[in-house]
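Peer 1: These protein sequence lines map, in sequence, to chains A and B.
Residue numbers are given in our numbering: position 559 of the first sequence equals residue 559, and the series is strictly consecutive.
With the second sequence counted from 1, adding 636 to any position gets you our numbering.
Hints listed in this document are in silico derivations from the structure and should not be mistaken for laboratory results.
Note that the Cβ used here is the ideal one computed from N, Cα and C, for glycine as well.
One should not assume that every hint holds.
[To be verified] Each computed SDA-like pair below joins lysine to any residue, with the alpha-carbon atoms no more than 20 Å apart:
| hint | chain 1 | residue 1 | chain 2 | residue 2 |
| --- | --- | --- | --- | --- |
| 1 | B | K1090 | A | R174 |
| 2 | B | K746 | B | L779 |
| 3 | B | K1090 | A | P175 |
| 4 | B | K968 | A | R174 |
[As the list claims (entries may be wrong)] Sample of chain A residues lacking proximity to chain B, with all beta carbon distances greater than 12 Å (derived):
| hint | residue |
| --- | --- |
| 5 | S26 |
| 6 | V152 |
| 7 | E493 |
| 8 | V526 |
| 9 | A531 |
| 10 | I629 |
Residues per chain are reported as follows:
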Amino acid sequence: MSFVPLILVWPLLGWLVNGLAGRRLSRTVSGLVACAAVGASFATAALALAAYVQASAAQAASAAEGASQTALSVIVPLFTWLGAGDLWVQASLQVDALSLTMALVVSGVGFLIHVYSIGYMAHDPNVSRYFAYLNLFIFAMLLLVMAGNLLVLFVGWELVGVCSYLLIGFWFARPAAAAAGRKAFVVNRIGDAAFLLGLFLLFTALGTLDISEIRHRVGELPDGLRLAAALLLFAGATGKSAQLPLHVWLPDAMEGPTPVSALIHAATMVTAGVFLVARLDTLFLSSPAALVVIATIGALTAFYAATVALRQHDLKRVLAYSTISQLGYMFVAMGAIAPAIGIFHLVTHAFFKALLFLSAGSVMHAMHDVIDVRRLGGLARTVRWTAAGFIIGGLALAGIPPFAGFFSKDLILEHAFALGMASGNYIPYALGLLTAFVTAVYITRAVALTFFGVPAEAGAHPHESPPVMLWPMALLAVLSVAGGALGAHAAGEPLLRFLAPLLGAVEVEGAAAPHPPAAILMGISVAVAFAGVLTGWIVHRNRRDPSLGAMGTLLEQRWYVDALYDRSIVAPGHATGRWMAGPVDLGVIDAAVNGVGRLFAALGAASRRLQTGYARQYALSVLIGAVLIVGYWILR
Amino acid sequence: MERYLLTITVFLPLLGGLIILLIPKGRDELMKWVAAAAAGLAFLVSLWLLGPFEMGSAGMQLQERYLWIPGIGINYHLGVDGLSLPLLIMTALLSLLSVVYSWRIEMRLKEYLFLFLLLETGTLGVFVALDFFLFFVFWEITLVPMYLLIGIWGGPRREYAAIKFFLYTLVGSLAMLLAIMLLYFNAEPRTFGILELIQQQPLARVPALAALAFWGFFLSFAIKVPMWPFHTWLPDAHVEAPTAGSVILAAVLLKMGTYGFVRISLPMLPETFKLFAFPIAILALIGIIYGALVAMAQTDLKKLVAYSSVNHMGYVMLGVSAAAAAVGVPEKAHAATIALNGAVFEMIAHGIITGALFLIVGVIYDYRAHTRGVAEFGGLGARLPLYTGVTMMAMLASLGLPGLMGFVAEFLIFVGSFGVFPELTALAVTGVIFSAAMFLWTIQRIFLGPLNPKWAELPDLDRREVISLAPLAALMLAFGVYPRPLLDMINVAMTSLVAVLR
Chain A
1 MSFVPLILVW PLLGWLVNGL AGRRLSRTVS GLVACAAVGA SFATAALALA
51 AYVQASAAQA ASAAEGASQT ALSVIVPLFT WLGAGDLWVQ ASLQVDALSL
101 TMALVVSGVG FLIHVYSIGY MAHDPNVSRY FAYLNLFIFA MLLLVMAGNL
151 LVLFVGWELV GVCSYLLIGF WFARPAAAAA GRKAFVVNRI GDAAFLLGLF
201 LLFTALGTLD ISEIRHRVGE LPDGLRLAAA LLLFAGATGK SAQLPLHVWL
251 PDAMEGPTPV SALIHAATMV TAGVFLVARL DTLFLSSPAA LVVIATIGAL
301 TAFYAATVAL RQHDLKRVLA YSTISQLGYM FVAMGAIAPA IGIFHLVTHA
351 FFKALLFLSA GSVMHAMHDV IDVRRLGGLA RTVRWTAAGF IIGGLALAGI
401 PPFAGFFSKD LILEHAFALG MASGNYIPYA LGLLTAFVTA VYITRAVALT
451 FFGVPAEAGA HPHESPPVML WPMALLAVLS VAGGALGAHA AGEPLLRFLA
501 PLLGAVEVEG AAAPHPPAAI LMGISVAVAF AGVLTGWIVH RNRRDPSLGA
551 MGTLLEQRWY VDALYDRSIV APGHATGRWM AGPVDLGVID AAVNGVGRLF
601 AALGAASRRL QTGYARQYAL SVLIGAVLIV GYWILR
Chain B
637 MERYLLTITV FLPLLGGLII LLIPKGRDEL MKWVAAAAAG LAFLVSLWLL
687 GPFEMGSAGM QLQERYLWIP GIGINYHLGV DGLSLPLLIM TALLSLLSVV
737 YSWRIEMRLK EYLFLFLLLE TGTLGVFVAL DFFLFFVFWE ITLVPMYLLI
787 GIWGGPRREY AAIKFFLYTL VGSLAMLLAI MLLYFNAEPR TFGILELIQQ
837 QPLARVPALA ALAFWGFFLS FAIKVPMWPF HTWLPDAHVE APTAGSVILA
887 AVLLKMGTYG FVRISLPMLP ETFKLFAFPI AILALIGIIY GALVAMAQTD
937 LKKLVAYSSV NHMGYVMLGV SAAAAAVGVP EKAHAATIAL NGAVFEMIAH
987 GIITGALFLI VGVIYDYRAH TRGVAEFGGL GARLPLYTGV TMMAMLASLG
1037 LPGLMGFVAE FLIFVGSFGV FPELTALAVT GVIFSAAMFL WTIQRIFLGP
1087 LNPKWAELPD LDRREVISLA PLAALMLAFG VYPRPLLDMI NVAMTSLVAV
1137 LR
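Bound conformation, chain B alone (with noise of 0.2 Å):
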């Protein structure tokens, strides 16, 4: 049993949704459940993940390898370690509580679960996957669930959104199937297989390629992070998603970019990585600072919480950059450790607060105001203390509170950075400032002063909605009083990565 374990918390979903394709029309309970059951049983496996797996120590656990297409050396090898599997046990966690909030869906309801609980397979597939044919596999199967679940769930431009979000990420999977191509073809022998590449390093004679091969990753991950200025498309995306999609797309699709940096740029292509660093980072302070005041410039509340996304991967990205900035410098490999924790810590933290983010405000636009413009409401905190409570939360971890888990991230990136770039870091510090301003400005005009009448019946937090926002929560506080069990299981995976990279 427990050597498939990877395997059967990544197909868990997708059995669900077959399953669903059976049931007949018209059993829309039925569905809902199945699909429940299906996404919590894929988020009881993944944490039970947690038991076989060895903390301390290094490297690939709890792997499956079985040859699949050996003539050209495909494997399907999956595998996790302290970079992956909080990602993954994060991934099922809000899939599930994605599923629980979806529940008042009626259109098309079979499709939507069926696409949904695929998705889910996508997802957790990206994040075990360690063979380059299998992650791209996994990685283009979250493209079409997503795009239907856009285009026919949205809002009133779902196709424009749709369309654009698709395209989007097309032209970043075909630039990185450029890069996989480049790896393959100059390996020996050649592979798919990415910790097989790692160890071959079979692109470190030929500098022109390397950079072709990081350019084509480079591409496909910033789009899906998304650094600035490939970020346009996700704004468009958030605001026609229907809730679950969004938070779908926030808390999981773009840890996919970022994931991508740290499991493959940075150990495949390390000296190419070091070599265009500095332009990254830039390119990451801009977005955290664009990010920020953008966000403070939207009236619509899903806007600027999609904006606030971008200064958030800004940090990771930072993290990221310094920690590549890094590569060969045997003094600054502490200061890389600690950046690198501090963006794969603001992964976890970015996809919890950021999920519910994008909850709370599908609790108020889906089934209570039908709006998102931030300037219509107004006094709210009067009238429905246990949201506005659960919202201020949120976002008090998302400017960075100390005591949530948003902090530990930051602090951890910027002290990181500021070791390999403290002057970029010190532009970088400003972002608190704003992101405190907007997330303050959006709290005092949706719940502080005079309670805007056209809201005074509008009903607290029901009991599903309490369901799908107290765990993520609870996780915000707990991983922010005591980070310990998720950093140093991050801390084991990051500090081998940088001695790799020496």
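Here chain A stands alone, though its shape is the one from the complex (with noise of 0.2 Å):
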């Protein structure tokens, strides 16, 4: 397998193409090579899957005799990349099914976004500067999910969050965008402070920071260091994907250009917390306590998000709460020690949402950047296509079968319900069950407003978008309706059983894994979707968008959490920067020494009157000075 490398190699060449010649390639170029570049990386990632599997085969059968099967993981070293005292990190790449399902799911996903975005991006200026951007974009979301060491991934970690903050305020001249591009690089921050200390932590225990020898030692750790850990780490997730309390980022986000907001913020940059879970999934499920925690704040978040999304009025604004919501299941399924469930919601999300954004970003294109919905509606007579993208993906989101979130939804809420069972605690399936009531209620809305009834602005002459954009979305339109297959239990289940033997194997203890009712819940999760659909239109038909009253308000506030942030941490951290640099910087420390200062000349003023400059005053001090001494020695 020494081509995996490759698999990063090209998208960091388009980067370096666009990146230094860019402003001399033409438009059309510098998005072919964009393209070519994460394109051939798909390619390459599918070679690499198919020798995986290949070799898995071959393991299979020499072992066929041996009872325990362990998942095949190949590591392909690259460098030493720095060494002191007893820390080396060797930046190498893990090859096994996680890591072949995020590069296929990056780059494939990745890739119908960057064809997208030629279009999208026609008559922007600076179009070079952005397709360098999506290229390293790639390269290091690459890096993040195959990476063989945990410093590595946080290099990946790091880097898709400086690409985001670029791409967020791409269009820097809109003091919204430039804001909203700090505001995220800053709360990952936070996660990523507790990520590094989780990182120290291990390393300080274990004295490696290897992936998969970490996997394997964890058992050594005592009990309180593991849960410490697995929480840092899970506080370093919350930023990247967006959750409860650490959220705040991700609607501003969608300043940024829609395919964006597709790609790094809803496709894959934002599951990246889903996937360190899943990386580092025998540390987590080996604190009962820290799986208890991510699945509270997973089902708390999807909640809360659901409940926003109902009253934004900006489109992607209502996708991006959508996203924070749909992460949130993704942590109910780690949390209900089912980690291969949360990839499956993380996969099929990818298709969905990706197709909600880019037809969300083909109406931007069809009206001229209105994304209102309070100025839209009708779009489903002139932007058929469009209409038809966004429906598919807003079923799949919905949870109706058999489109793909049907599927994952479920089996997120089916393993709730078994966590329920095990240990009592029903909140995240029933959070998870409200929300997804919620989720059809919202994105009913969301496509009742847009889509049908009476165009709010008759002046509009919507058009539909060029093929170069469409494609793609048909493409994902396609996953969002089969992509169910990969989990769904009348297909084989193919991505999970593939999944299984790496995240499946772990022993959890005293759990005698209840089984649930399974097409009991299955009946409830499509009712409760159904009803949801249901409850939308016959609210919002005719775009009517009745207020809600008070609870409206707190809705549409986000329930006052970024108010509340700015009263209580951003504008206190001001002022205390403030008040230091002022009253104790310049009016206690440098006073002080200032003061020192002054101290000094005002005693060699004083002294200078000493030197008076008369023989007959010095003779007399000499006198008493010898006096005092001769007593001395005499009266001691």
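Both chains come to you apart, so use the hints to assemble them.
Peer 2: Below you can see the structure in the form of structure tokens.
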């Protein structure tokens, strides 16, 4: 598998070409280079998958007589990145079921979004800079998911963050975009600080940052330490994956170009936190208390964000809160000891949420950047393909069978219920079910207000997007319909079986895995989803949008969380800085320094008066001194 | 030839300075070229040192040692190891780039260039001197030219800033002199040799005198670093100093303090340092957080970068004090080694990054906008893409973005210190949040948003500015992506240092 590093090399080359020579390239060449780089990356990842499956089969055949079968994990060493004392960091890539799944999603969905971008960004003067950033992002994200070392993973983690920063603020002349980029980076840094601490803890305790070694040796850690490391890393995950309480950056991130929202802020980067938990599954699954925290935060976030999505007017913000909410589901799966299910939802969500965002982008394209649902309406008649794409994505999100989202979300709810049976904690399940209802309502509202009824503004002449934008949407639509087969029981659950040896092998103490009544639960899920769509349709048909009174205001204001942060953290932080710079630094510390200086100046001035220049006076001083010394010697 | 390489490196700039004094007035171009040649040759010779320098072996190399004043045990003794060689090369590089940057200086050019080259000789000498007398001479040599550079070529409050810088540092020097005397008079045989004194540990049996000597060195080094609360001379000096002076001040002079802690305090008075390591680590921690928060409140770009130095030098001191706390604890030796590696790497990283940042401030202040008020800019990104790119890169490097140099340093410091002071390190890690907030807010105010029409005509970087900045940007990236060449050199020296400390 020595060719595996090529998966990362292609987008890196694309970045170099567009970054260094971009200004000399024509817009078309820029776009083609970037697309080719990501396409090549996807093709290489597919070859790696084939090679991996083959090697896996060979391993299974040779170990057929042995009872235990471990997942094949191929480490491709690159070079020793740094070494100091006993800390040696080997830059290596890890090829296994999880990293291959992620790499295929990142490069595959990434490729489609690159192609779409050619059309979407066709009139932007800085298109080569755009594609350079986008290729760099793909490289960083692939580094993150394929890293064999936790520090290398962190490098990818930070690089995707900076790409996100650069792309959110791509149109930096807009103050809102500039502020949103900074907010995203700083909020993520809070999580990153926790991530780093978790990493230090693991290194100090285990003496290694090698991921597979950590996975196998977490049992050596004392319980408290393991819990602390798990919670710190999860805190890092809440930043990147926009979970409570660090979710506030993601809705603002919608200031970036819409394909960026689709790629980074829906399909790939924001799932890094979920990926991190799966990557270090043994650490998390062996800390029961951490699992409770993860499931609870996930469920609360899912519910919170879904309710907020009910009353957002910017279509992209609806989708942003929806993403936060769906990421919450993935964490519920992690907390319910079903990491493979969480990854399954990650994959289907990447398909349908990318589709939803690209459709929203197509709406903006059609309506000359109008994205406020109150100013849209009736678009199903004028931009049919876009409407079809959005509706398919919406049905998948709402969990209507047989769309992809249904299968993964249903499995998560099933495992959340099993968690309840095992531990008595039914909160994640209950919140998850409630969220499923709210989800169906808000996405139906978005569809009803955008695509049906009478257009709000008569003068607009919406035009359908060009094929270069519609084709990627069509492919994503197919995946949003058929993607459920990856984990559907009837289809043989290929993805789940692929991940099972790696992520399913963890023994959980005392868990005689209860078998929930799957059929009944599925029935409930379906009923709730349909009820949600129906409710949404009844309430919002003919583009009615009742304000929901005080509760509506609460939701529009995002439960006042952002305002609370501004008042209790941001403003006091700046005030503290100013206080330290003024009264403390100048008023106390510097004043003390200058005070000492003046003191010596004053002493000098005072002692100058002793130097009168009169010899008599000096003689007298000498005499007095001599007398005192002699007197001291005598009286001693 | 090889035997005299260090002497040649150190005194080439001074030689150039003396030649410049002989050049008749008015031949400005010639003077500049002589200065550039002297600084350039010094840099080349410093690079040449990498040839004979054996990467894998610890201990002093390329030593030169001659009797100087034998009666009282003073030698002319130079040498380099993995700690000093990177600092030496960095100093030579930044001095060269500063000379290139200073090309447009017109006022009293001859004196300016002479003082600048004298300053370079002093700073280079500090990093290679292995005899206290010589060390002290070089240490003091740096003081006078910097005082004059600030006082003559500085901004409106230059005299206040220059005097403050001079007196503050002089107080430190006197304290250091006292400490040196304590060591000298307690050594048997009496010597000013730094290596001999480390070997002898003359104050090991007299803790009270050892403490006195320690605090003597501490005061001197802590003022130079500067550690909180001895930092208030720094913003004043930086704001008033001419750009090249700021660069050398931040990149090189501050390192003399941290270098002193690693070269002298740690190996010479290990037990005493260990005793006081915790309170010193607390000061470092305060510096980290305080520096970032105060920087955030600054409206003057130069002051902002100055306070960010307080933050970064806090990281260095956290690493050094963690290593000190681990003295005599074998199971923490690895953590100490990592922390020291990080601290030394941060010295180089901060030199390159902050050196670049001060050049960057100079670019906008000296020849373009003539203001450093952060709030007065806005939207420059659209007008000056190259300048914006370099600035963003330097600021991202400074806030510790992986892939750039600052991250490697911070990471190693944190990992190492965490093994010794887990709680303090946990608090210190919050510094990465504040410095990110500070730099990104600065970027936003200067480069993003709508272009302030006042600056619609500003030109982007010219060729000489590119020549000054490009090497620094390249190094930030190169050592961020692949730190090994530098880190391996440092690691050998730090591993043997920790081994000496047991």
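Peer 1: Closest CB-CB distance from E493/A to chain B, is it above 12 Å?
Peer 2: 37 Å, holds
Peer 1: Hey, is V152/A genuinely clear of chain B, shortest beta carbon separation above 12 Å?
Peer 2: 9 Å, violated
Peer 1: Are K746/B and L779/B close enough, with their CA atoms no more than 20 Å apart?
Peer 2: Measuring from Cα to Cα gives roughly 19 Å; hence the hint holds.
Peer 1: Would you say S26/A is clear of chain B, with no C-beta pair closer than or equal to 12 Å?
Peer 2: 19 Å, holds
Peer 1: Could you check that no beta carbon of chain B comes within 12 Å of the beta carbon of A531/A?
Peer 2: 44 Å, holds
Peer 1: Classify the label on V526/A as holds or violated, using whether its beta-carbon is more than 12 Å from each beta-carbon of chain B.
Peer 2: 45 Å, holds
Peer 1: Would you mind confirming whether the straight-line C-alpha gap from K1090/B to R174/A stays at or under 20 Å?
Peer 2: 18 Å, holds
Peer 1: Classify the label on I629/A as holds or violated, using whether its beta-carbon is more than 12 Å from each beta-carbon of chain B.
Peer 2: About 27 Å separates I629/A from the closest Cβ of chain B, which puts it past 12 Å; holds.
Peer 1: Please work out if K968/B and R174/A have their alpha carbons no farther apart than 20 Å.
Peer 2: 51 Å, violated
Peer 1: Take a quick look at whether K1090/B and P175/A sit within 20 Å of each other, Cα to Cα.
Peer 2: Roughly 18 Å between the alpha carbons, so the hint for K1090/B and P175/A holds.
The structure fails to meet hints 4 and 6 from the earlier list, while all remaining hints are met.
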